Every structure is written in structure tokens, then in C-alpha cells.
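Between the sequences and the hints, there should be enough to build the whole structure, so can you do that?
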Amino acid sequence: MIKITSLQKYYRTEEVETVALNNLTIHVKEGEFVAVMGPSGCGKSTLLNIVGLLDDLDEGSYLFNNIEVAKFNERKRSDLRKHNIGFVFQSFNLIDELTVFENVELPLVYTNVPAAERKRRVEEVLEKVQIMHRRNHFPQQLSGGQQQRVAVARAVVNTPKLILADEPTGNLDSNNGNEVMQLLTELNEAGTTIVMVTHSEHDARFADRVIRMLDGQVIMETTTA
Amino acid sequence: MIKNYIKLAWRNLRSQKLFSIIKIGGFAFGISICLLIVLFVKHELSYDKFYPDSDQIYRIVGVANRDNVILKGIAMPAPAGPTLKEEFPAIEAMGRMLSNPLFGAGSNQLSTHENPENFSDNGFTYVDQSFLDIFSPQAIYGSLAHALDKPNTVVITQSTAKKYFKRDPTGKIIYLNNDKDRPYTITAVIADVPSNSHLYGFNFFMTLSGIDFYPGEQQNWIASNYSTYLKLKKGTDIEPLAKQLTKSYIQDHYVPAILQAGMQVNPILSTAKLVLQPLAEIHLYSSDIQNYKLETQKRGDIKTVWVFSGIAGFILLIAAINFINLSTTNATSRAKEVGIRKTIGSNRRALISQFITESLLYSMISVFAGIAISFLLLPVFNDLADKTLSIPWNEWYFVPAAIAIALIIGLLSGIYPAIYLSGFKPISVLKGKISSRSGTSTFRNGLVVFQFVTSIILIIGTLIVNQQMTFILSKDVGFNKDQVLVLHGTNTLGSQTRTFKSELGSIPSVNNVTISDYLPVMIDGSKRNGNTFWLEGKQIEEAGKGGQFWIVDKDYLQTFGLTLIAGRNFNMDVASDSAAVIVNKKMIVELGLKDPIGARITNGTTYTIIGVVDDFIFGSLREEGLQPLCLAIGGSNSLTSVKISSDNIDLTIKDITAIWDKFSPNQKIQYSFLDEGFAALYNDVRRTQNIFTSFAIIAIFIACLGLFGLAAYTTTQRTKEIGVRKVLGASISAIVKLLSKDFVRLVFVAIVIASPIAWWAMNKWLEDFAYRIDIEWWTFALAGSAAVVVALLTVSWQAIRAALANPVDSLRDE
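These protein sequences, in sequence, are chains A and B.
Using full-length UniProt numbering, read the first sequence as starting at 1 and increasing by one per residue.
Using full-length UniProt numbering, read the second sequence as starting at 1 and increasing by one per residue.
Bear in mind the hints are in silico, worked out from the structure with no lab data behind them.
Please note that the accuracy of each hint is not assured.
DSBU-like mimics (lysine-lysine), calculated; alpha carbons at most 30 Å apart, straight line [said to hold, decoys possible]:
1) B:K3 with A:K76
2) A:K119 with B:K3
3) A:K128 with B:K336
4) A:K128 with B:K7
5) A:K76 with B:K336
6) A:K71 with B:K336
7) B:K425 with A:K76
8) B:K3 with B:K17
9) B:K585 with B:K643
10) A:K29 with B:K425
Computed beta-carbon distance windows for the label pairs [to be verified]:
11) A:G144 with B:R801: 47 to 57 Å
12) B:R801 with A:R120: 45 to 55 Å
13) B:V380 with A:E123: 19 to 29 Å
14) B:V724 with A:G144: 24 to 34 Å
15) A:K76 with B:L792: 43 to 53 Å
16) B:I2 with A:G170: 51 to 61 Å
17) B:P379 with A:G144: 40 to 50 Å
18) A:G31 with B:L317: 56 to 66 Å
19) A:G144 with B:I2: 28 to 38 Å
20) B:I697 with A:K76: 50 to 60 Å
21) A:L214 with B:I2: 42 to 52 Å
Note that this is a predicted model, so its numbers are computed, not measured.
Note that beta-carbon positions come from the ideal geometry of N, C-alpha and C, so glycine has one too.
And the structure:
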């Protein structure tokens with residue numbers, strides 16, 4: 001599904017150029033659950049942003065379902081994103097002014113799903129993450145775990161082929177964290193490809209494969225049983 | 001989608017109450033002021049356009065050039081109109097109006113056949129029947145076709161009719177100034193003259209039919225007193241006609257008349273010409289035409305219309321700038337939302353639509369709130385602008401126009417924030433890396449500077465207009481205008497006037513009494529005239545000097561405190577004083593008299609100079625130069641001026657009233673104070689002063705709203721910095737200083753830009769005054785300090801709040 005070859009990414013300031021990702025090659029097969037680990041600043045979040053088409057790459061190739069997307073413009077990327085990729089962030093990133101229902105509904109709004117269909121699908125997914133009873137609350141009225149469940153619901157409502165999770169349990173206690181990991185595992189078992197950045201060895205165990213990075217390079221790949 | 005946008009916009013509006021209030025409130029306020037000014041401008045531009053065939057109606061204006069000063073006048077000789085109409089077939093109709101108080105126009109004492117009590121009323125004017133034909137007002141009672149054909153007929157307005165008569169007054173008789181020999185018959189009642197007519201204020205249209213104010217007056221080409229209106233045939237070429245009219249008037253009639261009278265032709269006549277002024281331009285394009293109260297309506301000025309339109313545009317611009325500013329400064333709080341939406345799949349266009357929808361919602365609310373505010377402010381504004389405007393609720397265009405304006409303003413002011421906000425990179429904002437780009441902060445700072453430049457200019461303007469007004473009111477005009485009570489309508493006492501005067505003089509607190517219609521202050525009822533003076537025997541060789549000839553009595557000098565610098569006052573025991581005059585210093589300078597006392601001057605009648613008074617300013621302080629003046633003994637009885645002592649004025653007025661009631665039991669006493677009349681001459685300056693003050697307050701208020709919003713934003717943005725600084729030991733005052741410094745610097749930049757502009761503009765304004773103040777440096781310092789203080793107060797509220805906050809909170813917040 002994802003074929004990234006010889007990826008180079010630099011961060012430039014006025015005086016210095018820092019290599020964020022250096023000659024990186026990664027392949028992710030459809031239906032895989034991959035965890036990316038490494039110390040702070042090793043480039044794992046940058047990688048995730050590039051995979052999610054939130055950031056440009058400077059050199060190299062990126063095939064998404066065998067289509068070269070490295071040179072896509074903003075409109076094409078946004079199009080590809082909304083139909084194929086769901087995001088889960090460490091800090092949830094829910095819109096404070098929208099209710100739970102409306103937050104989850106948003107991706108469907110942007111893909112022009114009719115209102116009745118939207119309602120059905122949002123309720124279905126809220127049911128699945130067990131937050132239906134909070135559908136009319138605003139994000140600040142929920143606990144961290146509940147907020148992350150909403151964020152997961154939002155990420156999957158459009159049934160994306162790929163979910164990108166950036167430290168999804170980073171802001172949660174272990175109970176809530178486990179619930180979220182359980183959710184992701186279920187999604188993966190249902191066929192969704194997942195790429196997850198994490199600091200937690202515990203969370204990494206849920207993945208099929210762990211990629212370890214250091215200084216913008218992959219240093220080790222291990223397959224969990 | 002739209003529903004989603006509106007819902008979100010509404011929630012945003014509610015969750016950020018302070019911001020929303022500032023945003024909508026400031027915008028609504030700006031719109032309301034703008035709307036009021038638009039109403040004013042619309043009214044000014046609508047003058048006289050409603051008359052049927054208004055595009056065919058013209059007024060004759062005489063233009064001449066004296067030493068490179070353009071002189072314009074509308075007074076034409078009595079026979080000019082009728083003669084030109086005879087000579088030029090292009091003239092379809094001609095109508096004259098005589099509104100000079102010298103001939104009984106202006107204000108008069110009116111009584112009816114049924115009620116002998118006299119009431120002072122104004123708005124009297126003389127017109128031809130053909131004047132009614134040209135303007136064709138709407139008849140309420142009677143027919144206008146021949147209303148003024150016969151001598152001693154009058155047409156009055158509806159509200160005047162209501163004032164004096166219960167029913168249809170046609171056929172009723174009125175008397176003016178108790179003159180029973182000349183009863184006026186009301187032949188028709190017309191609708192009140194609309195407020196957007198240059199004839200507004202005239203209520204009594206007396207006929208010119210059968211009138212000869214003095215023998216031969218109607219055939220006199222030398223005396224000019226008539227405003228002359230022409231209705232031209234459709235398609236008449238104006239320029240060539242005006243040239244032909246000039247030639248006929250000057251060469252065929254005026255010059256022969258001058259020569260026949262044995263006088264010299266004034267050399268400026270070679271520069272003179274007649275111009276045809278379109279009816280629709282009379283109101284706004286006549287400020288340079290000389291006029292001694294020939295119109296009751298206050299003239300407008302196209303310059304005022306421009307200035308007002310400019311101010312309206314400015315205020316709207318400032319309000320819109322605030323709107324834009326507040327939207328972009330609020331960006332960080334929206335950045336996360338933009339990031340999430342983009343990540344989820346929103347494209348930039350969808351975000352732009354979202355923000356523009358929000359902006360439209362805000363502007364809709366603002367426009368309707370603005371209309372409501374202007375409704376509330378309208379009475380104050382009417383007072384300020386001396387108008388009777390109303391909001392055109394019932395006009396078909398009102399609601400569509402309001403919506404259109406809301407849409408346009410919403411779009412224009414929403415587009416920049418929309419583009420700015422939607423341009424955020426999702427990954428940067430989600431990581432909290434969004435910071436105000438330096439380019440946009442320059443833009444925002446520029447906007448703040450612009451607002452303060454405007455405010456400071458208006459503050460300086462306010463200060464200077466104030467200083468000029470104080471200067472005018474306290475200027476030594478060379479006569480005493482304080483504690484002078486002017487009794488109006490004393491001519492109705494007839495032969496008893498002299499006895500009345502001596503009884504007034506017997507009141508202990510009355511210092512002096514004088515009877516004369518020619519007061520040093522041009523108040524209502526006071527008169528002026530135009531005369532030409534020569535040294536005796538010089539009429540043939542010299543052009544003569546223009547000046548005033550006032551009929552006074554022997555107590556005139558004492559009552560008004562005029563200073564006699566040579567010779568003596570009038571003496572009733574000296575029989576020859578009936579042919580004696582007292583002149584002002586200007587007269588002896590103009591006539592080149594080295595030894596004035598005993599010299600003989602003539603204006604047709606020859607007089608001997610017995611005294612010279614020091615110059616005093618009896619014109620407007622606007623106009624340069626004093627006119628030569630000649631005082632002579634005689635009877636001009638409608639105004640009696642009483643100089644009273646300053647203590648117990650109420651009691652003195654009571655005593656004066658008692659005497660009046662004895663002499664004139666049927667009529668209430670009417671009086672005014674001379675100093676109030678003097679101040680009223682400068683009502684327009686007072687109005688300018690009020691308008692400047694109001695606009696300055698509004699501008700600074702709106703600018704402060706903007707600054708307040710900006711300060712709130714900056715403070716929020718620097719919350720973490722403030723926290724860190726406090727942890728490291730910064731004092732509250734250091735924090736306040738840190739946060740205020742940048743804003744104060746902006747205000748200083750504004751002062752530097754505003755001062756020269758204000759200096760230039762106010763010098764232009766002052767040029768209209770012959771007697772004016774010098775602009776002092778401290779005016780600018782004061783205005784600048786005021787702006788700095790206001791800006792500091794605005795900003796420091798935010799700064800102090802931030803500085804007092806617990807640093808741990810702000811750090812944890814990050």
C-alpha cells in the first residue's frame with residue numbers, strides 16, 4: 001500500500017539545514033499494523049506527516065497504492081486524504097466548538113455524504129467506540145480517554161484504508177490507553193492498515209511489525225509474532 | 001455545509017463574547033455613523049431637483065473681477081428680468097424675488113383683520129406672479145394661476161395659515177407693522193416649502209405687482225436688489241445665451257443708465273458678466289456669492305458634502321479595518337481548527353467559504369445593529385447638522401440596500417482574514433508552531449497607525465475649531481455688545497416711539513436707549529444697505545467708494561460704546577445736524593480726507609461730517625476689511641436697543657415689559673440679547689465645532705476598540721513569555737511596560753504623520769476667517785498626549801490583567 005523509497009527531508013532555517021529523514025525506505029502492506037519507535041527527534045512524526053500527506057518530501061518517491069503522490073498539489077493531496085486516510089493525534093485535536101457528533105460527522109461532510117447517511121454512519125461508529133451517550137457533548141466536557149475515542153471514531157467514520165496514529169495513548173492513563181489500543185486492533189483485524197508512532201513498548205506489542213528509527217534513519221525492523 | 005458554517009459561526013460568536021462585542025459593536029457603530037452621514041449627503045444633493053422642469057430653471061448671477069478677487073452677486077436691477085425676457089425668445093418665463101429686509105422683506109410684525117395683536121414672523125419675500133408659475137408650488141387653498149396678479153396680494157404657506165387661521169384663509173386680510181393703508185389679501189395657500197428647497201424658510205410671498213418702492217424704482221437700472229430666475233426653452237444653449245444676456249444688460253441698459261445719471265462707469269465693469277446658475281446647483285454652489293440675508297435657507301456647500309462623505313468613508317474604513325484586524329488577530333485560536341479541518345480533508349476553498357460565511361453573519365448583525373443605533377442617534381445628529389432627516393424605512397430600496405451593504409462589507413472585510421486563516425499549514429498549527437508572520441504584523445500595525453492618524457487629526461481639528469470659536473466670541477469688535485437688550489417691532493408704536501424711548505430711559509438700571517434698525521450685529525431684523533460716497537463735487541471724475549449709510553439717533557454711540565476719535569456727537573439742538581453725519585475711520589481713509597471735520601460728502605444727498613468714530617467690526621469676522629460707514633440722524637424704528645446695567649437683569653426686563661405693555665397692550669413684548677445674536681452669527685462655526693468633537697470622539701472610540709482587540713490578542717499570545725518573565729522576577733510594572741511599549745510607539749508614529757496633515761487642513765479652514773488664531777505648537781502636543789493617554793489606558797487594562805495573573809497558570813496552560 002505504501003512504498004516510500006530513498007526519502008530525504010530537510011528542515012531549513014536561515015543558517016543551518018538539518019536532515020530530518022535520511023535516505024529512508026519503508027514499505028507497508030495493506031492490512032498491516034506497523035509501529036514506528038525511536039527517541040524524540042529521530043524523525044518518526046515527520047515520517048508520519050509525510051505518509052499522511054501533511055508535509056512535503058524533498059527527495060525520493062512515495063507510491064500510495066501504486067500511484068506516485070510525492071508531487072501532488074494541495075488540492076489532490078486533500079482529496080486523497082479525505083477518501084483514504086484517517087488521523088489520530090496524541091492531543092486528540094477535536095474542534096472545541098463542535099459537539100461529539102459534529103466532530104465525527106465532519107469527514108463525511110467534506111466527502112459530500114448525504115445527511116441521512118451521515119447520521120447513520122456517525123451513530124454506528126459512536127456505538128462502536130461506546131461514546132453514543134455523549135454525542136451532544138462538547139469535547140471539553142469529556143475525559144481524555146473519551147476524547148481520544150471520539151478522535152478514533154472520527155478517523156474511521158469514512159472507512160479509510162489507512163489510519164495514522166501519532167502517539168494515540170500519549171495523553172491517556174493506562175486503562176484508557178488500553179481501550180484505545182483495543183479499538184485500533186479491532187480496526188486492523190477488520191482490514192484497516194495502521195501506522196502508529198509510539199514511545200510505548202507496551203503499545204508497540206499490538207503491532208505486526210515495529211520499525212525503530214534513529215537520526216532520520218531506520219535502524220531496525222522487528223516482526224512481532 | 002452552509003448550515004454547519006452558520007452554526008459554527010454562531011457558537012464562535014457566543015464563546016468569545018468580548019471579541020464579538022468589540023467586533024460587532026465597533027462595526028455597527030461605524031455603520032450607523034456612516035448611514036447618518038449618507039442621509040445628510042443625500043439630502044444635500046437632492047436640493048431643488050423636485051421642481052417640475054428643474055433642469056430648465058436658472059438664476060442669474062453677476063460675476064466681476066476686482067483686483068483678482070472674484071465677486072459674485074445675485075442682486076439684479078428691477079427692470080433687468082422683464083427686459084431680458086422681452087428681448088430673448090429663449091427665455092420661456094422670468095420670475096423675480098426681492099427678499100432684502102430694507103424693503104420690508106425678512107421679518108415683520110403681523111396682525112390680522114380679526115386679531116389686532118401683532119406677532120413677529122419671518123420668511124417674508126416679494127415675488128412676481130411669474131415666479132409662482134416657474135416654481136409651481138402645490139396649492140392647498142385657492143388658485144395660483146393669478147394669485148399675485150393684483151397689488152397687495154399675498155400667498156402663504158400651509159403651516160403659516162394654520163398658525164393664524166382656523167380654516168381656509170383665502171380672502172382674509174393681514175396687516176404688516178400696523179400699516180392699515182396697505183392691507184394684504186391672502187389669495188392662496190401653498191404647501192410648505194420643502195426642506196430641500198433653497199427657498200425653504202419663506203412663508204409669505206407678497207406680490208411685486210403695483211410695487212414701486214420709491215418713484216421710478218421699477219425702472220431703475222442702477223439699484224440692484226432682485227434675485228432673477230429664468231425658465232429657458234428646452235434645448236437652449238446656455239453659454240451663448242449668457243454672453244448675449246451680458247451684452248444686452250451691460251452695454252444696452254446698465255452703462256447708458258449710469259451715464260445718464262451723471263456717474264462714472266466703474267472700471268471693474270469691463271470684467272463683469274452674467275452667468276446662468278442651474279437651479280439644482282444653487283444650494284451647494286453659492287457659498288462664494290455675496291448675500292445679505294437674501295435667502296432664509298442656510299446655504300450648503302459642496303465642500304461640506306465632500307468632507308462629510310470623506311469622514312463617512314473614513315469611519316467605515318476604520319470600522320472595517322478593525323473587523324479585519326480582529327479577525328486576523330484572533331487567528332491563533334482558530335488555527336487549530338483550520339489544521340484539523342485540513343487534515344480531515346477540507347480544502348482551502350471550503351475554509352475560505354467558511355470564514356466568509358462567518359464574516360457575512362457578523363456584518364449582517366452589524367448592519368442591522370448599525371441601523372438601530374442610527375435610529376437612536378438621529379435626533380442628536382439632526383441637531384448637530386441642523387437638519388430634519390429621517391430614516392427612509394418605507395423606501396423600496398432601504399432593505400435591499402442594507403442587505404447589499406452587509407454582503408459587500410462582509411465579503412470585503414472577510415476576504416483577507418479568510419485567505420490568511422485558510423493558508424495555515426495543518427502540520428505547523430497542530431504542532432502549535434503558528435506565529436504571526438512578520439509581514440502581517442506590519443500590516444496590522446499599519447492599520448492601527450492609520451486609525452490613530454485619523455483620530456489625532458480630528459482631535460487637533462477639534463482643538464483648533466474650539467480656539468477659533470473662543471477667539472471670535474472674545475474678539476474686541478470695537479463696540480459693546482454685552483447687556484444690550486434689543487426690543488423688536490417697536491415700529492408698531494408709530495408716533496409714540498419717542499415717548500416710549502424716554503420712559504425706558506427713566507428706568508434707573510437702564511443706561512442708554514437708542515432707536516435704529518442698523519445694529520452693529522447683523523441679527524434678525526437688523527438692516528444693511530449699499531451706498532456710494534464721494535467727496536462733494538467729485539461725482540463726475542471719480543468712481544466713488546462703496547459703503548454703508550445707517551439711520552440712527554443721537555444715543556447710538558453711547559449705547560453701543562463706540563469711540564468718538566474726532567469731532568462731536570449729534571446734537572438735537574443744532575438744527576444743521578439733520579444734514580450732518582458721523583463717519584468711521586475707514587471712510588476718511590478711503591476718501592483720502594486729512595481734515596475730516598467739516599468736510600462735505602455725498603451719496604446723492606450732501607452731508608457735513610461732524611465726527612469720526614473709531615472702526616468697529618460690524619460685518620462678519622470671516623470677511624476681511626471694514627466697509628466705510630456713515631451715520632445720520634433719522635427715523636428707523638423697528639429695533640430699540642437698551643443698554644442695561646449688569647445687576648438684576650430680570651427686574652430690569654420686568655420694568656421694561658411694564659412700560660411696553662402700557663404702550664402696546666395688544667401685543668407681547670419681543671426682545672433678544674445682542675451678545676446672543678452675535679454668538680448666533682457663528683452658529684455654523686459652533687456646528688463645525690460640535691461635528692469635529694463628535695467625529696473625534698467616534699474615531700478615537702473605534703480606534704481604541706481596535707487597539708483593545710489587538711492588545712488582547714498580543715497579551716494572549718505572550719502569556720507564556722509573561723509567565724516565564726514573572727518566574728524570573730519581572731515586576732508588574734515591567735510587564736505592563738513591556739506590553740504597552742509597542743503600542744505607544746505606534747501612536748507616536750501616528751502623531752508624526754497626523755500633525756502636518758492636520759496643520760495643513762486646519763490652516764485651510766482658518767483661511768475662511770479674516771480674523772483668525774495662529775496654530776500653536778502645543779495644540780499638536782496636547783492632541784498627541786491625549787492619544788497616547790487613551791491608547792495607554794486601553795492597552796494597560798489588558799497588560800495589567802496579564803501581569804497580575806498567576807504565572808503558573810499561564811505556564812501550565814502551554
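Comparing the hints with the structure gives:
{"no.": "1", "hint": "B:K3 with A:K76", "result": "holds, 26 Å"}
{"no.": "2", "hint": "A:K119 with B:K3", "result": "holds, 15 Å"}
{"no.": "3", "hint": "A:K128 with B:K336", "result": "holds, 27 Å"}
{"no.": "4", "hint": "A:K128 with B:K7", "result": "holds, 27 Å"}
{"no.": "5", "hint": "A:K76 with B:K336", "result": "holds, 22 Å"}
{"no.": "6", "hint": "A:K71 with B:K336", "result": "holds, 26 Å"}
{"no.": "7", "hint": "B:K425 with A:K76", "result": "holds, 15 Å"}
{"no.": "8", "hint": "B:K3 with B:K17", "result": "holds, 21 Å"}
{"no.": "9", "hint": "B:K585 with B:K643", "result": "holds, 24 Å"}
{"no.": "10", "hint": "A:K29 with B:K425", "result": "holds, 29 Å"}
{"no.": "11", "hint": "A:G144 with B:R801: 47 to 57 Å", "result": "violated, 30 Å"}
{"no.": "12", "hint": "B:R801 with A:R120: 45 to 55 Å", "result": "holds, 48 Å"}
{"no.": "13", "hint": "B:V380 with A:E123: 19 to 29 Å", "result": "violated, 57 Å"}
{"no.": "14", "hint": "B:V724 with A:G144: 24 to 34 Å", "result": "holds, 27 Å"}
{"no.": "15", "hint": "A:K76 with B:L792: 43 to 53 Å", "result": "holds, 51 Å"}
{"no.": "16", "hint": "B:I2 with A:G170: 51 to 61 Å", "result": "violated, 37 Å"}
{"no.": "17", "hint": "B:P379 with A:G144: 40 to 50 Å", "result": "violated, 58 Å"}
{"no.": "18", "hint": "A:G31 with B:L317: 56 to 66 Å", "result": "holds, 60 Å"}
{"no.": "19", "hint": "A:G144 with B:I2: 28 to 38 Å", "result": "holds, 33 Å"}
{"no.": "20", "hint": "B:I697 with A:K76: 50 to 60 Å", "result": "holds, 54 Å"}
{"no.": "21", "hint": "A:L214 with B:I2: 42 to 52 Å", "result": "holds, 49 Å"}
When the structure is compared with the earlier hints, violations turn up for hints 11, 13, 16, 17 and for no others.
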